[in-house]
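Protein chains: 2
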Amino acid sequence: MRATVIHGARDVRIEEVPDPVIQHPTDAVVRVVAACVCGSDLWRYRGIEDVPEPVRMGHEYVGVVEEIGAQVTTLQVGDFVIAPFYVCDSTCENCRNGVSTSCLHGGWWGSHDGTGSSADGGQGERVRAPLADGTLVVVPGQPSDELIPHLLTLSDVMGTGHHAALQGGVREGSTVAVVGDGAVGLCAVLAAKRLGASRVVAMSRHETRQELARRLGATDVVPERGDEGVARLKEMFGGIGPDVVLECVGTKESMDQALRSARPGGQVGFVGVPAGGPELPVRTMFDTNVGVRGGVASVRNYIEELLPEVLDGRLQPGVVFDLELPLAEVAEAYAAMDERRATKVLLRP
Amino acid sequence: MRATVIHGARDVRIEEVPDPVIQHPTDAVVRVVAACVCGSDLWRYRGIEDVPEPVRMGHEYVGVVEEIGAQVTTLQVGDFVIAPFYVCDSTCENCRNGVSTSCLHGGWWGSHDGTGSSADGGQGERVRAPLADGTLVVVPGQPSDELIPHLLTLSDVMGTGHHAALQGGVREGSTVAVVGDGAVGLCAVLAAKRLGASRVVAMSRHETRQELARRLGATDVVPERGDEGVARLKEMFGGIGPDVVLECVGTKESMDQALRSARPGGQVGFVGVPAGGPELPVRTMFDTNVGVRGGVASVRNYIEELLPEVLDGRLQPGVVFDLELPLAEVAEAYAAMDERRATKVLLRP
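If you read the protein sequences in the order shown, they are chains C and Z.
Positions 1 to 349 (our numbering) are the ones given, in order, by the first sequence.
Positions 1 to 349 (our numbering) are the ones given, in order, by the second sequence.
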């Protein structure tokens, strides 16, 4: 079968690889219906993260179960499933505590499966899914083609936006600002609105994304950044700032923006993968009582809650996909995201 | 009247100073019944913080109202009052949000009163209390002598321990570890127990304080620190660690201990004044989803809630005072705390 392999910076290829087979009785094999490229995939693509040897890529996909191991009990061949961006058993104490990204037996697509075996990436025709009962979530019936993009967001970006909002403590009536207008930032806008935020400010200077943010529930758009961005937010919210700021980028500047914009006693919910730091200024946090909470999003814990709303059309996070390409053109998918010609690219094998 | 003035490292004196007078119609003058020395007072005493000119000391006191300004409405001459360790109006948006330490019109004892006038310290015979309606809390009747130490803790250490527990998210059934066995750490043990923690581990290697911690509700004592401390806590709580760690010291080591000891998805509630840093490792926080929340404790917001339990004897945080001295011996009070001969010293003018 064919799958995506990265060989080095700006060198992403479709290659012939061995068909996946059941290796453990808890495995399933899934035929990928749709996958996508993540902002974090660009780290290797851009050479920010090293690629010492060729690696299978992709950690977001939906598909159809083709084969199950002898111990798999919750899945049947033919089931349509959503895969979160990691592998987890959904039974260990961390999973039960809502932190399945810290699963005691888990793993990562394209890396290891938790038992020491290497795990397939999601940007391919098929995937061996380890700990299939814990990892995969069945979608009732066979979803229509137009539902696919919305379902696919549950494997990462929508769940991650929701994680940001939850960790930021968004609730009925909260005032919220979102730093970052990528797919995750846009989903965070939607998630904050869904949790009852009374005002959601999208911080964006990109016209198309501003419009998308409004469509997803942003009540305001602030194009300013840095000191001017802080001043605008303070001014909008009683001179003190919003209750919650959702940090969805991961740079020093975005975290600084978030920490300085939240009101005293407010909270930063963060999901931007920290790009090599920075460390957080504990004295500022102490003086202002602004809390910081977040991290790698335990999206597996959220799929059951969000799925019904995607199925009945109340939640339409799939609008963050603004480019769709066949898997064969995966190199162009990376290039389009790298050059910011696309927010998020959906791939169809 | 006599009050405490620090002139430089290890140079604390009782001096004759002008009697306080009403300067603003919102002021009151309070005769101090009891005051105390705070761990943070030792920063100047030890020369860690500069003393460019002589400064009035003390920010924790209880006393009796002797005079009120024309606009004071909630206090009467003769009322027994508790002063939080800062000045606040209790009406601004930050105060109403529960963050009175960020009061938009507030000030600090021994520093400024929020209007630009200098504020008295609490380690003296009398104090001008600015924004008296917002700052001071009346204790019904005239408390007995044995209640005084318990009441005095509401001006700082008990409220600060409570703040740590609240910011750490302690609730019914939480598992909690407390880093720091000073007066605040001991009060954090009590606060965690009060909020329903099922287990509270006091991290202490000091026998007297271990006993005190147990008396205040600690279910376990862990003398180990660093890697060994982390390993002990992980082992005690299912291999993953406690839900919440309360950081009550403020050093690099104590914050590191807290961050590494909490379980994935857990929370660090911190109230230790950060001693010149350190910055927090955002990547570790991201990977583990351990949140950090806390800061300068808004104890004024907690007095009404905690006071009834102190009055009826359910809460006895005053046991943290292990030395009582007349105000005239304030220099010995600082020395005793500096040399760790006392946990916390109560002063009587």
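Read the hints as simulated data drawn from the structure, not as lab findings.
Where hints are given, some of them may not hold.
If several chains are the same, the list does not tell them apart, and a pair holds so long as it fits within one copy or across any two.
[As the list claims (entries may be wrong)] Okay, derived cross-link-like pairs now, EDC-like style, lysine to aspartate or glutamate, Cα gap no bigger than 20 Å in a straight line: (1) 193 to 220; (2) 234 to 93; (3) 252 to 279.
Hint check results:
no. : hint       : result
1   : 193 to 220 : within (12 Å within a copy, 43 Å between copies)
2   : 234 to 93  : between (41 Å within a copy, 13 Å between copies)
3   : 252 to 279 : both (8 Å within a copy, 13 Å between copies)
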